[in-house]
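Student: As a plain string of letters, each chain reads:
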Amino acid sequence: MRFLFKTDYEDDIRLFPHSGYVVSYGSLFAVLLVAPYVLSSYLMSQLVFVCIYATVGVALLILTGFTGQASLGHAAFLAIGAYTAVYLQQFNVPFPVYFLAAGLLTGVIGALVGFPALRLQGIYLVIATISFAFIVEEILARWESVTNGNEGMRVKALSLFGTAVSRDSPAFYFLCLAVLVLTIVGTLNLLRSPTGRAFVAIRDSETAARSMGVNVALYKVKSFAISAAITGFAGVLFAHKLSFISPEMFTLQLSIEFIIVILIGGTFSLHGAVLGAIFIVMIDPFLTYLKDDMPGIIAGVAATLGAGKERAAHIQDGIAAFASLNGLKGAIYGVIIVLFVLFEPLGLYGRWLKIKLFFQLFPLYKRATFKRQKIYVKSERNR
Amino acid sequence: MLDFVQQLVSGVALGCVYGLIALGFVLVYKATEVVNFAQGDLMMLGGFFAFTFIGMLGLNYWVGFAGAVAAMAAFGMLAERIVVRPILGYPQFSIIMATIGLGYFLRSVAGMIWGTDDFKIETPFSQGVLRLGSLVLAYDKLSVIAATIILCALLYLFFNKTTLGTAMRASSENMLAAYYMGIPVKRVVSIVWAISAAVATCAGVLLAPITFIHSNVGLVLGLKAFPAAVLGGFGSIPGAVVGGVLIGVIESMAGFYLPEGWKDVAPYLVLLAVLLLKPEGLFGLHVRKKV
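Those sequence lines, one after another, are chains A and B. Counting with my numbering, you get residues 1 to 383 for the letters of the first sequence. Counting with my numbering, you get residues 384 to 674 for the letters of the second sequence.
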């Protein structure tokens, strides 16, 4: 076990607390750099989506995880970023300019949403952000001169410094990875700055934060703006990856997926955004695998266990029929959400921490270390 | 003028359905201070139960209706026991997510069992209209309005006049104190979920002749019921119904008088306006912040 002796504040806020971090993150980074030359093009494509979802996850973590303001409207910010980029692209605006413009515009709109949100708490905020997302979706569908309505818009290939970057090329993957890494590093820096501390203070207790001199309104709006801007950047990449956007892509369903990303990953650490994004994006290939290979495998197992040939074929058909049922994905989503809320509220990253602590403290690990306190006096309403 | 009245009545009828769903939100909110995002899906499931009893098994309408309500009340209790009770006392966000997950699950499973087609239930009110001069009112819409008024009145009396209702309000204020006073809080919460699922079923069955039942109806209408509940002030039973009716009328008027597209957005614009100007809603309690 490693003991860290911190002698001053600089030690406490260091991004890499000890050399182990440099080694592990360095090797992870090296793996990610060689990934496009090793993985199949389908998995590469999924990896790009992981990067985009993780970027949105980080944005959502800033707002929901660290400032404590739940939002079910982030698909709208993603849409605004995507549409801004595609609209500007029509006028041959270079990529860096419209990339920044999309982030800026989304950030401004995020701040504008943040102002009304100052008066709202808990469920009211959730409902307000849902309404905001609905209104944006409707505007995108109706404002045909700019968004081409429900017909959707084609996205031209990205061109960076004069060279075209196809959406399946390694270069595009590196661009998404760079955006993700910059977002994560930027957010880590933000969180150890006074602004980030203020966010966390607001999450823990607004009253306490205010009495410590934190300008709650200002920081909430800031949090909304930053979160929206990052989502806007992700939106640009999302548009380029899909190469076609239309209003029905940015529905409540997508917002819920983003929330699931951080819920499954863990809402208290940036690791959660990445782990959750991997989980959500990989659920599709997993289900396809389930559909294609699982019936054969299980039938094979049944056959070796002594089931007759007919019986095995029967089992295979039954499982294949089950796996291709319409809506299985939705049911699995639902079950996963409920199971995580009930049994793993700290998410995948929380589970990792628990396992790590188990081995560090072996055999003294106690379950109660991570036990959450239940509060039966409902004070959220008049907090 | 006649158009206006016609739109008004159909708006009120639609609004009553929103009101009934919002009533479910309010019941759960009043008793446990959590919002059940799966309320619309409970309504959908209730509609499908009734469809199974009436349309497929060929039972009498009223018997099937009662059967569906009873079955859904039991289902509400079951859902509460499995999904909600273990996380009571945790932050609101957990329960919101759990009910969103429950909604996903119910929607998909209903789609698997009953398919994705639209279903219609034959009701005694499906046919026929009431003519008042040149005004034509369909019985199915009037039945929704009448049922809403009755349910609302019953629930209002229940919450304000009976011991159980008082116990529910007490456990909403402070579960721990209510428990010390001898209120069986767990059972109370369970009963509230049963009632709200039953109310949702009523909404689903009444709605069936108007918009049909399909597996996504709960999501669409459930989201429309939020503006209703917020407008009425979360936590007020008459407020939910009044809010629902207002939202229904606004939607119907916006669909008739404003250009296309406003109809779907209007309820949410109203919602945002209410949240900005009067967050406690029309009938809500104003709570002063105490430090």
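Worth flagging that the hints you see were computed from the coordinates, not collected in a lab. Using N, Cα and C, we set each Cβ at its ideal position, and we do this for glycine too. Mixed in with the good hints, there may be bad ones.
Lysine-lysine pairs mimicking BS3-like chemistry, simulated, CA-CA at most 27 Å apart [said to hold, decoys possible]: (1) B/646 <-> B/661; (2) A/291 <-> A/309; (3) A/371 <-> B/569; (4) A/366 <-> A/354; (5) B/646 <-> A/374; (6) A/356 <-> A/366.
Chain B stretches covered by chain A per the calculated footprint, using a threshold of three residues with CB under 8 Å from any CB of chain A [said to hold, decoys possible]: (7) 572-579; (8) 606-618.
Student: Now tell me, hint by hint, if it's right for this structure.
Tutor: Status of each hint after checking the structure:
no.: 1; hint: B/646 <-> B/661; result: holds, 23 Å
no.: 2; hint: A/291 <-> A/309; result: holds, 21 Å
no.: 3; hint: A/371 <-> B/569; result: holds, 21 Å
no.: 4; hint: A/366 <-> A/354; result: holds, 10 Å
no.: 5; hint: B/646 <-> A/374; result: violated, 43 Å
no.: 6; hint: A/356 <-> A/366; result: holds, 13 Å
no.: 7; hint: 572-579; result: violated (count 0)
no.: 8; hint: 606-618; result: holds (count 5)
Checked against the numbered hints given earlier, the structure breaks hints 5, 7 and satisfies all the rest.
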